[in-house]
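Protein chains: 4
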Amino acid sequence: MEYQKILNTIQEELSYRNTTGKVASYIPELAKVDPKKFGMHLYCRDSGHYSIGDSKEKFSIQSISKVFTLTMAMQLLGESLWERVDVEPSGDPFNSLTQLEYEQGIPRNPFINAGALVIADILVSNLKNPKTDLLEFVRKITGNQEIDYDLTVATSEKSTGYRNYGLVNYMKALGNIKNDVEPILDFYFHQCSLAMSCEELANAFMLYANGGILLENGEKILSTKRVKRINALMQTCGFYDEAGEFSFEVGLPGKSGVGGGIVAIHPSKYSVAVWSPILNPKGNSELGMAALEKLTTLTGFSIF
Amino acid sequence: MEYQKILNTIQEELSYRNTTGKVASYIPELAKVDPKKFGMHLYCRDSGHYSIGDSKEKFSIQSISKVFTLTMAMQLLGESLWERVDVEPSGDPFNSLTQLEYEQGIPRNPFINAGALVIADILVSNLKNPKTDLLEFVRKITGNQEIDYDLTVATSEKSTGYRNYGLVNYMKALGNIKNDVEPILDFYFHQCSLAMSCEELANAFMLYANGGILLENGEKILSTKRVKRINALMQTCGFYDEAGEFSFEVGLPGKSGVGGGIVAIHPSKYSVAVWSPILNPKGNSELGMAALEKLTTLTGFSIF
Amino acid sequence: MEYQKILNTIQEELSYRNTTGKVASYIPELAKVDPKKFGMHLYCRDSGHYSIGDSKEKFSIQSISKVFTLTMAMQLLGESLWERVDVEPSGDPFNSLTQLEYEQGIPRNPFINAGALVIADILVSNLKNPKTDLLEFVRKITGNQEIDYDLTVATSEKSTGYRNYGLVNYMKALGNIKNDVEPILDFYFHQCSLAMSCEELANAFMLYANGGILLENGEKILSTKRVKRINALMQTCGFYDEAGEFSFEVGLPGKSGVGGGIVAIHPSKYSVAVWSPILNPKGNSELGMAALEKLTTLTGFSIF
Amino acid sequence: MEYQKILNTIQEELSYRNTTGKVASYIPELAKVDPKKFGMHLYCRDSGHYSIGDSKEKFSIQSISKVFTLTMAMQLLGESLWERVDVEPSGDPFNSLTQLEYEQGIPRNPFINAGALVIADILVSNLKNPKTDLLEFVRKITGNQEIDYDLTVATSEKSTGYRNYGLVNYMKALGNIKNDVEPILDFYFHQCSLAMSCEELANAFMLYANGGILLENGEKILSTKRVKRINALMQTCGFYDEAGEFSFEVGLPGKSGVGGGIVAIHPSKYSVAVWSPILNPKGNSELGMAALEKLTTLTGFSIF
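Chains as they are written, first to last, in the working numbering: chain A, 169 to 472; chain C, 169 to 472; chain L, 169 to 472; chain S, 169 to 472.
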């Protein structure tokens, strides 16, 4: 079956009416999103673009941005990055502080909030204008100069981000945060507020499906080794404490965000992004998970 | 570079002299193994067999056996299996009891000891002669009728297996163990004592690299979906709390045992087994990890 | 107000009809006890005996027996006892295994199950006939030669004691259990099955209210220092994870059991035992807690 | 033996030379204190004042101040206070965040940092000038109008108080903090910086040894019930995760601070304060613990 037909089938079979979850409510701005939204975009390396539904509508990518900031930090620090954050699945809810106590402030991986905040600290240390540089990086790999932060969302996050303030202060007490708390969180709340559509996300993640090379112009952005490592991290840690479930049901490396977006890649084959704001109890898009499971079932291949 | 050359390079570059770990000592019989042993066998689906060192010498496969028993339990119970064991990485040392307390006796995955004991309980419930049936299954997929338990090892495990007795009793108190404690542990200590060589392990795991079909005769043993799920579980949970590290450095689904064996597969490409009894602090073969990392570096491809 | 009037007031004001808890059900024999039972006996050092209700009816003292076995172990080992068990409140449900993992098999105190099992192990190591010796000790301090184990209860405990089997095996794996598992648990299930009435318990605990001297005949059984330490342990650890609450509301050292008994002492003043089988969610007698709170309120003094 | 002789004996037998601990270093100002300092003051309700060493020298009372703020909060809120903080021992290091996760932001007791911060939040909510009111309360019960904050210490705490910032933010995320973070921590860092001598502390704590009545003028400040409850809390929770040890060795309700001070009371008999800045690994004054153990041994009585 070809990709467009598969996407059409997914659109027919899945409906927000059958979901049991809820739109994220802890950030006021996210709670306003229409739960009926549903979009999907698949970018095949060899045969191009396929999409359904609200695939061109921008949403808050939230934690998906952690893949971009990790990529930038790896480029800046190389292997020494791993002295400050580990690469193991967390086995705990995504905002847990427990593990930090037992492991001296070293977060388990760069995709839990604690780890992403250490990455933010690193970017604040090493870049003059981290917010501008992140935008530039994302615009470049997406091939779209208009991608931007949603400042209303960024402000909204800040007003209720006590848990993240708690995390940064706690890790600072444990010695794994170098900068002042405010610039780190300012950067972090901005990165989470990045507004992108499924189409833009699929374009951006083609970098990771294509071995670190920009498909549009052949420019080598990331070494093969680094791409593999980022993909491996998405496989084992990309879905909070549902990473095993996603790997088990879908079988692709991916990353989700509480805005309801999920992006996944099939190395050398395609990148795909899906968006539906209704979340399951673990904080991942309910329809998004189902859509990607259908995708790998109908295409007949996962990476396994 | 072709596989035999790559294996030769691995053999030249790795030496037990440079290790810092120790042979497993908690089971008396395992402590007697010569730490200098080193063997590796790669079975390529298209081009056949390659090996170095002690690849034909049998050793105690220990936790690698959990892949076989999981496969049998999936065949017996189907999806209902997942009501009794989860599919998430553990994030905790391999014999941890903590998680069970918070999750009502449901082990996080079938590859931690608690999970494997639930699998053993299931096989004891559903099979008349679980020890015989396991042998038969392993002999069949390996194509070798002489594979057997090492009864000295099985007895040795029993004499010091208090932790496993603790686990089974505790899960029985929590309602997730149905049979008496003794037959479950008798089966479990036997499965861990299975003696196989790298060559035999690579032969057996070709089943998982080849989509559930016995390469030798084309017999379909496992559905494609189940193979993918087992491979996904090996990817996210196969290495205790070093699963992320293995995925990050090697990028293949695999499973290790405290006997010093590691097996890994590259779906549709090859299965590979390596053996060196010296373990790193997380309980995985130190040289085995290094050998597989070199393998994917030198071959230039992981699944990512 | 004198003691008998206070007990009468307690009897009038408290009724099983107003309880919301349940009789212990995890041991089949305990589940059979009539929930309407209620008795109380106060033994004043200076003015003698006072009682109400079912104060002469025997019940299963369960964890209250841990005070007796601790006393015997202190007499046998002296200070070296504290290398194998700590003296800190647990902060965790009474059958938690978590803490043992982080503290290498050393239970937090001798009144949680793990600690009492280490004490049982010590008695099994140091006594030829621990079950006989315990009976003798309890009979002596109670002044009643007919106190005995309830063998039906002991057998009932064994049939469902998987959690305790789990604990002993786990601590054996961690090196803090020296004997075989069976004799330890046989002793432990017997100690828990001791059948005593409120009157007998108050008589026995006068030893701890009277500085280690048998009030009946002036015999010095325990050093003043040891009595104080046992009383301090009852104060901080006698009520599972409700020890703070009991200290806060009642203000006396005491010990409860899942059979619905509670015993408490006011040093140099009195010992008191109360029995009502209905338990609150933390596993302590609901009416027993209320009765003792009323007692210290109406008498106008706690140890604080 | 009379009290002055006992204090003299303590002074002779204890020396900072035999300690193995260290002065608190996490607050820069505290690290500057002379480790050789040692003072003790006992205030007997019936026979007056006794002292040795540096008993008139002021030091930073730190966590001892938590008893004062708890007293004020109990007076303001009555029983409803206990909806926001529990009364159980923590069983965890004093700055642990783990427990908060499992208990929805309700600290285990008012003497761990999290609990004291909730108390601070309550005072900030209910008082116009909490810092002034606290000073007034302490001055009143001590009978000394010159007691004051040490602003250098308060500033020093703020500069390194990331852990406390972490705690407050985290509890705010969980809904158990009502005010902005800054005024709460400003108040908290001030309360910890209170500078008092052993003599002043013994004077202040006579309130708790004397049933809530100011001994100097007979004024009833606290109800008997509240005094007993505060004393019970000091008994079970006053020494971080060494509360059991203190109860076991000393047998008095008390409270310690990382400035090296410890205060304890014997209800109806005396209050006593001791100061030596060298701390044991649990954060309590090493010589202070020893001095109080000697005191109850030599006087021959604890509350047990």
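Because the hints were derived from the structure by calculation, they are not lab data. Here the structure is a predicted model, which means the values were calculated and not measured. Do not take every clue at face value.
Where chains are identical, the list cannot tell them apart; a pair therefore holds if satisfied intra-copy or between any two copies.
Taking lysine-lysine pairs in the BS3-like style, the calculated list, with each CA pair at most 30 angstroms apart, reads [what the hints assert, rightly or not]:
| no. | residue 1 | residue 2 |
| --- | --- | --- |
| 1 | Lys388 | Lys190 |
| 2 | Lys346 | Lys200 |
| 3 | Lys190 | Lys437 |
| 4 | Lys462 | Lys346 |
| 5 | Lys462 | Lys388 |
| 6 | Lys190 | Lys346 |
| 7 | Lys190 | Lys296 |
Comparing the hints with the structure gives:
| no. | hint | verdict |
| --- | --- | --- |
| 1 | Lys388 - Lys190 | neither (40 angstroms within a copy, 42 angstroms between copies) |
| 2 | Lys346 - Lys200 | between (35 angstroms within a copy, 25 angstroms between copies) |
| 3 | Lys190 - Lys437 | neither (32 angstroms within a copy, 42 angstroms between copies) |
| 4 | Lys462 - Lys346 | neither (44 angstroms within a copy, 35 angstroms between copies) |
| 5 | Lys462 - Lys388 | between (32 angstroms within a copy, 24 angstroms between copies) |
| 6 | Lys190 - Lys346 | between (37 angstroms within a copy, 26 angstroms between copies) |
| 7 | Lys190 - Lys296 | neither (39 angstroms within a copy, 41 angstroms between copies) |
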